[in-house]
Amino acid sequence: MKKTNLIQTIIAVAACKAARSLMRLRGSGGTALPGKVAMAVAKNILEVTSAGMEIIVVTGTNGKTTTSRMLEHAITESGRECLANKSGANLLSGVTAELTCNATWTGKPKTHYAVIECDEGALKQVVPLIHPKVIVVTNLFRDQLDRYGEITHTRDEIKKGIDQVPETTICLNADDSLVSSLTFGIPNKVVYYGSDVPIGDQKDDGISDAKYCIRCGHEYQYHYHTYAHLGSFYCPECGYERQNAEVAVTKVNEIAATGSSVVMRIGAEERAVRVGLPAVYNLYNAVAAVCGYREMGFATEEIITALADVHSSFGRMETFDLDGVRVQMILVKNPTGCNQALEYLSSMKEDFTAVFCLNDRTADGHDISWIWDADFELVADQERDPSAKKLIVSGDRAEDMQLRLKYAGAQAGEIELVRDNDALLDLMRKSERPVFILPNYTSMLALRKVLSDATGGKDFWKG
Amino acid sequence: MELRICHLYPEVLNLYGDRGNINCMQHRLRWRGIDCKVDRVGIGDAADFTQYDLFFIGGGQDFEQEVLLNDLRQGKDKEIRAAIEDGKTFLAICGGYQMLGHYYETHDGVKNEFLGAIDFYTVGGDVRMIGNYAFRLDADANPGAQDIDVVGFENHSGKTFLGSGVQALGTIIRGGGNNGEDGKEGVRYHNVFGSYSHGPILPKNPKFADYLLSCALERKYGQASLSPLDDRIENAAHDSVMQKVLAGTTGSQD
Ligand SMILES: [Zn+2]
Chain A
1 MKKTNLIQTI IAVAACKAAR SLMRLRGSGG TALPGKVAMA VAKNILEVTS
51 AGMEIIVVTG TNGKTTTSRM LEHAITESGR ECLANKSGAN LLSGVTAELT
101 CNATWTGKPK THYAVIECDE GALKQVVPLI HPKVIVVTNL FRDQLDRYGE
151 ITHTRDEIKK GIDQVPETTI CLNADDSLVS SLTFGIPNKV VYYGSDVPIG
201 DQKDDGISDA KYCIRCGHEY QYHYHTYAHL GSFYCPECGY ERQNAEVAVT
251 KVNEIAATGS SVVMRIGAEE RAVRVGLPAV YNLYNAVAAV CGYREMGFAT
301 EEIITALADV HSSFGRMETF DLDGVRVQMI LVKNPTGCNQ ALEYLSSMKE
351 DFTAVFCLND RTADGHDISW IWDADFELVA DQERDPSAKK LIVSGDRAED
401 MQLRLKYAGA QAGEIELVRD NDALLDLMRK SERPVFILPN YTSMLALRKV
451 LSDATGGKDF WKG
Chain B
1 MELRICHLYP EVLNLYGDRG NINCMQHRLR WRGIDCKVDR VGIGDAADFT
51 QYDLFFIGGG QDFEQEVLLN DLRQGKDKEI RAAIEDGKTF LAICGGYQML
101 GHYYETHDGV KNEFLGAIDF YTVGGDVRMI GNYAFRLDAD ANPGAQDIDV
151 VGFENHSGKT FLGSGVQALG TIIRGGGNNG EDGKEGVRYH NVFGSYSHGP
201 ILPKNPKFAD YLLSCALERK YGQASLSPLD DRIENAAHDS VMQKVLAGTT
251 GSQD
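Taken in sequence, the protein lines are chains A and B.
Residue numbering for the first sequence follows the numbering used here, beginning at 1 and increasing consecutively.
Residue numbering for the second sequence follows the numbering used here, beginning at 1 and increasing consecutively.
Incorrect hints may have been included.
[Said to hold, decoys possible] Interface residues of chain A toward chain B, partial, derived using beta-carbon atoms under 10 Å:
# : residue
1 : Trp105
2 : Ile371
3 : Trp372
4 : Ala398
5 : Leu417
6 : Val418
7 : Asn421
[Said to hold, decoys possible] Covered stretches of chain A (chain B as the covering partner; in silico rule of three or more C-beta atoms under 8 Å from a C-beta of chain B):
# : segment
8 : 47-53
9 : 401-412
Hints in this document: simulated from the structure, not taken from any laboratory.
Since the model is a prediction, treat every value here as computed from it, not as a measurement.
For glycine and all other residues, C-beta sits at the position ideal for the given N, C-alpha and C.
Just chain A, same shape as in the assembly:
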């Protein structure tokens, strides 16, 4: 690898900062371009602008943003300065932009710590440059299939990243057979997290992303399920099985809309932990974060305190007040995440309006077939959920979404197709009921901008 010299560094940093200022001036939230500009000047500028930092990387298909936010929140609340790529800029160009724009003019990092959310496919490009202290892998669900082909391929992409950083500690989800198989053949220190008890819907609905042993092809058995393919799996043929978790949920006291109360075992110690976010998947995010935090060498006390008041972020479950109408946005990008959001909606006692936004751009995956694997019946079928009073579809693939809702049991006349985000905003503003929006990735970005502007919220790239 050619060394980047000081002149190149100064020019690259300046170019990166200039590009970002220019884009902000134009009111654009694009996150990749400043990084690309910097890389054009000095290809490996990221290695310079991250040198000497202690970095924790979070990757995996679902939950990486929330897990990253939990980590960042704990690190900053404990009085340390910490950088994070907040805006979903999780490819090489985005990570480069984030760290380079926050370096001094001579390319020295301004903070000692960073939490980096990294795309599974980009991990192999990013980690050799930033040498993270810890990598946390959340889970592997089918996602964006036309980008990666198959879920085992996504796993292999992550493995390629880990293979380049043998000194890094790897935190793996013990309950995910695909994730925990990353331990095969690596010299790294590996630590597991998970749930020692069944939580979630615990159903095996026959549609599993990992039904057969990744090592020998035999069907897995389970001592218990948590959700999707997660749980205490074992292969009766070759003996591959769930590993003991160092950080684990051992008891669930309450899972409610405002958060959950659980008992967590951290090493040998049992602690009552409050997680200020609803739903089972956030419990997984919480144990992942505690595990990673601990491996960074920080006091677990700090993250336990921070978890109680961690807030929804960036469209994952964010609430806006739109002239008195409560609008809650939940990002959905694959069947597992979508089902959890739909279950959350169907648990509502009050009437509501549900908005489904579906785009098919590169960041979303061009293939939207997955909507047929998600249980929209939970909300669209009035006999099953009479509280969803109005259904709205929007986005590039609004017609596909409309069709899905029809076959999920909605009456044709109940679904309204709204093409334009401004029209959608007007419609929501006039709503007499709270609104839930379930967008996929790029439609979430667009909607969030419209909603932030309308409610005077902060633009996401300003953090």
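Position chain B with the ligand relative to chain A; hints supplied.
Just chain B with the ligand now, kept in the frame of chain A:
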């Protein structure tokens, strides 16, 4: 009237929203007052294939195919071949489609022997054929199908070549199809419909869905006249994808 549907290997061949096809057939039959019973027949399950009218086989992940081929060799292979020759209706998608042919030869020359129920074979290619695409059902291979255009999403690197006596399902309007070379898509053999259009091909192609159901009903009852349905939402989805395909765009305004 009643159709009995067998969903073969739902636990393995379930990639890309295949469930949507079953969902669609169930609804379109029930909306017309025709009963419909779906059985899931998986690995290790014994089932009497003669009781079914329609078989659905979806797509799957490569490394799981070994598990499946072993199970086929326990006797399901013969039953499937018999059902096909008996004129039963099959919808086979992607990996399930490939499985009905002679073999799949990978890039590095490894040959996976498949069912050989229909005279075609598949070889691994260099380029992945991926994206929204469209084809028109061939009228000579599909008697009674008039001007049925099908839209879907293909995602395969395997290239399928049909034997000389076997007809394709349709002609590509835009996209890769069987092999990206001869402009053909899928296979139509007796009442077998094989296609690379993975996931939910039926919901947004209501004419094709009804044509397929008619084949199964005709085979069973000697005639099938399906009453028309309100397909405005179906056609809107069909047309929006067709527009994308004709305009050559995948994700719009990237
Ligand atoms: Zn095994």
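Fill in: Residue hint A:Ala398, partner chain B, criterion CB-CB below 10 Å
holds, 8 Å
Worksheet item: Quick check: the segment 47-53 of chain A, covered by chain B? Criterion 3+ residues, Cβ under 8 Å.
Response: Violated: only 0 residues of the segment 47-53 of chain A have a Cβ under 8 Å from chain B.
Fill in: Stated coverage of the segment 401-412 of chain A by chain B [criterion: 3+ residues, CB within 8 Å]
holds (count 6)
Worksheet item: Quick one, is the A:Asn421 hint okay against chain B at 10 Å, beta carbons?
Response: Since the shortest Cβ distance to chain B is 13 Å, the answer is violated.
Worksheet item: Does A:Trp372 pass the interface check with chain B, least Cβ-Cβ distance below 10 Å?
Response: For A:Trp372, the interface hint holds, since the closest Cβ of chain B sits about 3 Å away, which is under 10 Å.
Worksheet item: Does A:Ile371 pass the interface check with chain B, least Cβ-Cβ distance below 10 Å?
Response: holds, 7 Å
Discussion item. The hint names A:Leu417 as touching chain B; please verify it with the least Cβ-Cβ distance against 10 Å.
Written reply: holds, 8 Å
Item to complete: Would you check whether A:Trp105 satisfies its interface hint, that is, whether its CB is within less than 10 Å of any CB in chain B?
Response: It is violated, given that the least Cβ distance between A:Trp105 and chain B is near 34 Å, above 10 Å.
Discussion item. Given a cut of 10 Å on the nearest C-beta pair, is the interface hint for A:Val418 held or broken against chain B?
Written reply: Since the shortest Cβ distance to chain B is 14 Å, the answer is violated.
In this structure, the hints that do not hold are numbers 1, 6, 7, 8, in rising order.
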